[in-house]
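Trainee: Listed below, chain by chain, are the residues.
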Amino acid sequence: MASQLKVDTLTGVTTAGSIVVTGEGNSTTTNLQQGLAKAWADIDMTGTASNDKSFNIASFTDAGVGAFNLVISSDMADANYCFSVGFNNQASDASGFLKITGSQRATGQINMQKRENGNVVDCDVNCTTIHGDLA
Amino acid sequence: MSSQLNVDTIVDKAGSGGTNVKVANTSTYVSDGGAVTQNTVQSLCKIWCSTNHNSTGTHTINDSFNTSSVTDGGVGRTTNTYTNNFSSGNYSAVLGTTNDNNQSGIETGPSTSSIVIVTYQYNGTTEDTTAQNSAMFGDLA
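Residue numbers (our numbering), protein chains in the order written: chain E, 1 to 135; chain U, 1001 to 1141.
Each hint should be verified, as a subset may be incorrect.
To be verified - Facing chain E, a subset of chain U residues (Cβ under 7 Å, in silico):
1) T1009
2) Y1029
3) Q1042
4) W1048
5) G1073
6) N1090
7) L1095
8) G1105
9) T1108
10) Y1122
In case anyone wonders, no lab produced these hints; they're calculated from the structure.
Glycine included, each C-beta is placed from N, C-alpha and C at the ideal position.
I would like the entire structure built from these sequences, with the hints used as guidance.
Mentor: Have a look at this one:
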């Protein structure tokens, strides 16, 4: 018979911020908290820039052509976190990438910049996902 | 009244693993550092897929989660169709690829049920790859 457990918060016993779950192959366990994305955002920089959708992002600011800053709601423990990106290009034959601006990656903010063929450009899909340890 | 469950490991009732455990979309977890709580479901990767373009053949899935099919759209271009859809076309899709000097991009307007991903060389020319990788984060319907 299936069972259902209703709770509001999952907390580890040994360490509050550490719960393990059994892997799909049933042979290993993995840490639940460390496997979760801690923040993500889908930013549209065309026209009036907008935050289309996000999680754990308190605010975003238009930092000029192709550039935007994401302020994280619940901060990361340190600045050594993993960020992944996805984007589209304005030109069909463009070579583009979405990168952090300089070294501006902090516990509470990450600044991003979109480039195509070496130039900063506004495009409508700028996705960023952050994995790492929350404070 | 709020409730709190203190556990070290979560498995299903049969004890065979965690694959049958269901988590409500309002559940939260305690952060790694213990300072805050966050929504568990919004933190989960909802879809991922690794696609092999097979150079001269039909695109195939290396491995995937919540992906019903991939469609060959020409050199370097694949449409990934989802099994369980997103609530809107606004979600975070992050990408990776394998070959030297190439990268992947999203074609304009990912939808609730699919996304078109294009892999191209540094000079903008589309190119097949053995692993066009994607992971989607957002709100499922």
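Trainee: Run every hint past the structure and note whether it holds.
Mentor: Here is how each hint holds up against the structure:
Below 7 Å, beta-carbon pairs count as interface contacts, and T1009(U) has one with chain E at about 5 Å; its hint therefore holds. Annotation: Y1029(U) was flagged as interfacial toward chain E, and the flag holds, the nearest CB pair being 5 Å apart, inside 7 Å. For the restraint placing Q1042(U) at the interface with chain E, the shortest Cβ-Cβ distance is roughly 5 Å, inside the 7 Å limit, so the hint holds. For W1048(U), the interface hint is violated, the least distance from its beta-carbon to any beta-carbon of chain E being 11 Å, above 7 Å.
Interface hint at G1073(U): violated, since its Cβ lies 13 Å from the closest Cβ of chain E, which is beyond the 7 Å cut-off. The beta carbon of N1090(U) is positioned within 7 Å of a beta carbon in chain E (closest approach about 4 Å), and the interface hint is therefore held. The closest approach between the C-beta of L1095(U) and any C-beta of chain E is roughly 5 Å, which is under the 7 Å cut-off, so the hint is satisfied. The restraint placing G1105(U) at the interface with chain E holds, with a minimum CB-CB distance near 5 Å, inside the 7 Å limit.
Annotation: T1108(U) was flagged as interfacial toward chain E, and the flag holds, the nearest CB pair being 5 Å apart, inside 7 Å. Because the beta carbon of Y1122(U) sits about 5 Å from the nearest beta carbon in chain E, less than 7 Å, this interface hint is met.
Hints 4, 5 from the list above are not met by this structure, while the remaining hints are.
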